[in-house]
Amino acid sequence: MREILPHWHFSPNAPVKDVGMKGMTRGDRAVAEACRRAMETEAWKELEILESVGVRFTGLVGRFVSEIAMPVLEVMPGDSFHQGAKAQLSHMVKTRDGGETIRIIKTLAVKGRF
649 MREILPHWHF SPNAPVKDVG MKGMTRGDRA VAEACRRAME TEAWKELEIL ESVGVRFTGL
709 VGRFVSEIAM PVLEVMPGDS FHQGAKAQLS HMVKTRDGGE TIRIIKTLAV KGRF
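With the sequence shown counted from 1, adding 648 to any position gets you the numbering used here.
FYI, nobody ran anything at the bench for these hints, they're computed from the structure. The beta carbon of each residue, even a glycine, is placed where N, CA and C say it ideally should be. Hints may be right or wrong, so weigh each one.
Claimed, not checked - The calculated SDA-like cross-link candidates involving lysine to any residue, where the alpha carbons are at most 20 Å apart (straight line), are:
1) Lys670 with Lys754
2) Lys742 with Lys759
3) Lys693 with Met718
4) Lys754 with Leu721
5) Lys759 with Met672
6) Lys734 with Gly710
7) Lys670 with His739
8) Lys734 with Met718
9) Lys759 with Pro725
10) Lys734 with Glu748
11) Lys742 with Met672
12) Lys759 with Ala678
13) Lys754 with Gly710
14) Lys734 with Ser714
15) Lys742 with Ser714
16) Lys754 with Thr743
17) Lys754 with Ala691
18) Lys734 with Arg684
19) Lys670 with Arg761
20) Lys734 with Glu681
21) Lys742 with Trp692
22) Lys754 with Val709
23) Lys759 with Arg684
24) Lys759 with Ser728
25) Lys742 with Glu699
26) Lys754 with Gln731
27) Lys670 with Ile750
28) Lys759 with Met718
29) Lys734 with Lys759
30) Lys734 with Met687
31) Lys742 with Gly710
32) Lys759 with Thr673
33) Lys693 with Glu715
34) Lys734 with Ile750
35) Lys693 with Leu708
36) Lys670 with Thr755
What the hints assert, rightly or not - Pairwise CB distance ranges (calculated):
37) Ala735 with Thr673: 18 to 24 Å
38) Thr706 with Arg677: 32 to 38 Å
39) Lys693 with Leu721: 25 to 31 Å
Construct all of the structure, not just a fragment, from the sequences and the given hints.
Encoded structure:
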């Protein structure tokens with residue numbers, strides 16, 4: 649998977665990194681694969697459209713956020729490496745924050761953890 653690294657998102661010189669899963673643990677791979685599958689759904693496309701228009705914290709955004717986040721939360725291991733990401737993603741579902749959910753899922757799709 650080729651991905652623009654999330655922390656370079658706003659730079660015109662953003663490097664594109666060929667992301668492999670060689671150095672990841674089994675839990676990291678499961679999370680990354682779930683995030684990549686979530687990024688291919690219609691809900692992801694709708695959430696990105698709503699975010700680009702500036703719609704946040706509404707019921708519609710909340711529905712898309714939970715639809716995207718739930719499969720990722722289900723496969724996320726309960727170890728200390730993934731505890732922070734799981735807490736943040738759960739919080740994004742409760743607050744219906746689409747923009748932050750997009751950033752979290754993109755980061756997890758590349759690294760599998762924070």
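**Study point:** Unsatisfied constraints (hint numbers, rising)
**Key:** 2, 7, 11, 27, 39
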